[in-house]
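*Asks:* The lines below spell out each chain.
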Amino acid sequence: MTRNHRRQFLKLAGATGLTAAGLSACTLGQPKARVVVIGGGFGGATAARYVRMADPAIEVTLLERDAQYFTCPFSNLVLGGMKTMADITQGHDKLAKQSGIKVVRDEAVAVDPAKKEVRLKGGASLPYDKLIVSPGIDLNFAAVPGYDEAAAELAPHAWKAGPQTVLLRRQLEAMADGGTVVIAPPANPFRCPPGPYERASMIAHYLKQAKPRSKIVIVDPKPAFSKQALFQDAWQTLYPGMISWEGLPQGTGFTRVDAAAKTVFTGMGQWKGDVLNFIPPQRAGAIAAGAGLTNQTGWCPIDPATMESTQVKNIHVIGDATIAGAMPKSGSAANAQGKVAAAAVVAMLNGRTPAGASYLNICYSLVGSNYGISVTGVYRPGATGIAEVPNSGGVSPRQADAAFRRQEALYTQGWYDSITQDAWG
Amino acid sequence: MTPIRSNWLMAGAVMVAAFPALAQTPAAPPGPPAAPSPMPAADVLAGPCYLCHGTQGRSPGAHQSIAGTPATTLAKALRDFRSGDKAGTIMQRIAKGYSDAEIDVLAAYFAAQKP
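Protein chains in written order, with the numbering used here: chain A, 1 to 425; chain B, 1 to 115.
Hints in this document: simulated from the structure, not taken from any laboratory. Keep in mind the model is a prediction, meaning the values are calculated, not measured. Any given hint might turn out to be false.
[What the hints assert, rightly or not] List of simulated lysine-lysine pairs, DSBU-like, C-alpha gap at most 30 Å: (1) B:K114 - A:K94; (2) A:K32 - B:K86; (3) A:K116 - A:K313; (4) A:K97 - B:K114; (5) A:K116 - A:K211; (6) A:K102 - B:K114.
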């Protein structure tokens, strides 16, 4: 029922002497269809908003356990002292007010695909016709001996923005000049492939001003990383001698972490810092496994044309939790996937065939206050997953002048302003 | 024209000056890329552009708003980015992912949006 139809219907009901209370639920209280979205991050907020934009007769309920969402994008800028936590805080109020989304503050603990119901921690159940799951990542605290949740209080991962970001910033502030920061990223795949290297840059930005004798060591269990040449050029220009990268041969992982001693152990030796930022391996958010959406990799396979789970009907999965082929795990990717899932869900609920898919990823990294670099990719559904359009995308040119880098720094902020408004209103 | 835009043009001008060969010989192959999949609906094709240009092309920040821009202007800009004739930072790389038919659909879609 569209808004106009409903208004006419109410007018008609009034004219014939019926009251709202006298109408049965199936005429007035029942929406055309019910969509439930789990998770109010980049993917979930976008999907919820775009379902309502495409068809306001569909009821959308967004399930989010936290009152506020801290974006991982720009959390490295908080570490660098360029942004505050307030700058990276997004709320869900506008989604409710502007888009008519029912925001429920609770946590999904189980999904019953047969009954098409989500069970909440608070005890209630939410029925759905289509479910969109955007749970992000869970940190795997069982993956590396010595790195559990208690260890994260000593050696913060800060890979989910929030209190962990504040903790790492405090440790950087407390560190003496001449200290060493060890950053230990995971092997692929993980959330935000350029993130650890932007983090090293932003920490260097802070240390260069406040503690210029300090060093940053990245101990990396992979032989190469995202935008590597661009990052390393920038480090040489902006922070000469401050950042070193220790790429370990493929297959050399972390064997142990001693969080109290701020030390990581590998098959190739050990590294000790004054501050240790250990970023553990990751997997799809727990609800995804609980709902039967993950495969043996710990991530969720999807239909590249609709983002529908290939394992459970009527459930679409988006964002970092998915196996999205050539797409990285990023806020941009989750936003693009959220729109494809929303369009597919709206088409299906209206008895139409989903109208194709188109994806884009853009990851800006800020390396200094006037120095931005980017990687982008254009993607379409392919035979074996989401595939990159040949001969498109790529990273910023290695040979570019200061004006180019400054412009990409401005666009880093422009991207943040646009995507956060697009997702949260 | 906003100051942001003129910065961007300046960056472009500097780049072209530094790489005259690039400006004269477009790096892109002469023909548009083959369409890898069926044409998506216009709003689905346009959705990813909002990442930077804002919802339906209305930018809240540093990027150019493209909602309501004439379709011919947008289509030409996208083709020129794709061929390398128009300088930019990221759009050259993105435009290479779109066929002529897709560029025309995108241009018409954004031209029809309220500025």
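*Asks:* Against each hint, give a clear statement of whether it holds in the structure.
*Replies:* We went through each hint and held it up to the structure:
no. : hint            : result
1   : B:K114 - A:K94  : holds (21 Å)
2   : A:K32 - B:K86   : violated (47 Å)
3   : A:K116 - A:K313 : holds (10 Å)
4   : A:K97 - B:K114  : holds (22 Å)
5   : A:K116 - A:K211 : violated (56 Å)
6   : A:K102 - B:K114 : holds (27 Å)
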